[in-house]
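Asks: As they're listed, the protein sequences go chains A and B.
Start counting the first sequence at 1; every next residue gets the next number (the numbering used here).
Start counting the second sequence at 1; every next residue gets the next number (the numbering used here).
It should be emphasised that the hints constitute simulated quantities derived from the structure, not laboratory data.
Do not rely on the hints blindly, as some may be mistaken.
[Said to hold, decoys possible] So the derived label-pair ranges between C-beta atoms look like this:
{"hint": "1", "chain 1": "B", "residue 1": "G16", "chain 2": "A", "residue 2": "L47", "range": "32 to 40 Å"}
{"hint": "2", "chain 1": "A", "residue 1": "S42", "chain 2": "B", "residue 2": "Q17", "range": "25 to 33 Å"}
{"hint": "3", "chain 1": "A", "residue 1": "S80", "chain 2": "B", "residue 2": "R22", "range": "34 to 42 Å"}
{"hint": "4", "chain 1": "B", "residue 1": "S81", "chain 2": "A", "residue 2": "K78", "range": "30 to 38 Å"}
{"hint": "5", "chain 1": "A", "residue 1": "E17", "chain 2": "B", "residue 2": "N51", "range": "17 to 25 Å"}
{"hint": "6", "chain 1": "B", "residue 1": "R69", "chain 2": "A", "residue 2": "S42", "range": "20 to 28 Å"}
{"hint": "7", "chain 1": "B", "residue 1": "E68", "chain 2": "A", "residue 2": "E17", "range": "44 to 52 Å"}
Just so you know, these numbers come straight off a predicted model, no measurement behind them.
Idealized CB from N, CA, C, for every residue including glycine.
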Amino acid sequence: AQTVTQSQPEMSVQEAETVTLSCTYDTSENNYYLFWYKQPPSRQMILVIRQEAYKQQNATENRFSVNFQKAAKSFSLKISDSQLGDTAMYFCAFVYNNDMRFGAGTRLTVKP
Amino acid sequence: EPEVTQTPSHQVTQMGQEVILRCVPISNHLYFYWYRQILGQKVEFLVSFYNNEISEKSEIFDDQFSVERPDGSNFTLKIRSTKLEDSAMYFCASRSQGHVYGYTFGSGTRLTVV
Chain A
1 AQTVTQSQPE
11 MSVQEAETVT
21 LSCTYDTSEN
31 NYYLFWYKQP
41 PSRQMILVIR
51 QEAYKQQNAT
61 ENRFSVNFQK
71 AAKSFSLKIS
81 DSQLGDTAMY
91 FCAFVYNNDM
101 RFGAGTRLTV
111 KP
Chain B
1 EPEVTQTPSH
11 QVTQMGQEVI
21 LRCVPISNHL
31 YFYWYRQILG
41 QKVEFLVSFY
51 NNEISEKSEI
61 FDDQFSVERP
71 DGSNFTLKIR
81 STKLEDSAMY
91 FCASRSQGHV
101 YGYTFGSGTR
111 LTVV
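Could you put together the complete structure from these sequences and hints?
Replies: Structure representation (structure tokens):
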């Protein structure tokens, strides 16, 4: 079974600074998908960024980028120029076939 | 942008009662899911649904739970004889044929069992 580990329960960053959230996963599969979801205080799950395992190029979405290390089974999220609105829980998710599994989440606080 | 709609946003129920949580997935999506998040904890998979039948379910999804797509648009989760520990956020999600765009989640139903 696939497992997803987020080893940082909480993190904080100063506004305008850069922060990196860690995620590792365990799988024996080769073709899968990885996602980062943001959950603000409203509790809605919002897709931040996605990565296909067969793509070597790291995905980027504006201020959000990933460092995907397939051999190391690592999928970290970098947030540049952090904004107060980035304060939220961030969940890493692994998808293979019809199965999405989440990590335990990292609570990120952006400080003014 | 298309949305997954969940109703109600908050449901309070007496222990032992039955509840039905409703979801309207995105119209051209084919795969449907229910997830649960107990307050402050991780998001847990409950069940996936495709082609009018359950394709996978977790150990959480026991005989107390059932899902249905009664009319081709709604996707419901029924919880029979609710327990205090069923109190959680319940998220519905849907996706199209591929995984490229991820799962689209609804805004959740907060279930409180008293």
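Asks: Hints first: check each against the structure and report whether it holds.
Replies: Status of the hints after comparison with the structure:
1. At roughly 37 Å, the beta carbons of G16/B and L47/A sit within the given window of 32 to 40 Å.
2. In this structure the hint that S42/A and Q17/B lie 25 to 33 Å apart at CB holds, the actual value being about 27 Å.
3. For S80/A and R22/B, the hinted distance range of 34 to 42 Å is satisfied, since their beta carbons lie about 39 Å from each other.
4. Evaluation of the 30 to 38 Å hint for S81/B and K78/A yields a failure: the beta carbon distance comes to about 46 Å.
5. Under the hint 17 to 25 Å, the C-beta atoms of E17/A and N51/B, about 48 Å apart, miss the expected range.
6. Hint check: R69/B to S42/A, Cβ distance near 27 Å, so the stated range 20 to 28 Å holds.
7. At about 48 Å, the beta-carbon gap between E68/B and E17/A stays in the expected band of 44 to 52 Å.
Against the hints set out earlier in the document, violations occur for numbers 4, 5.
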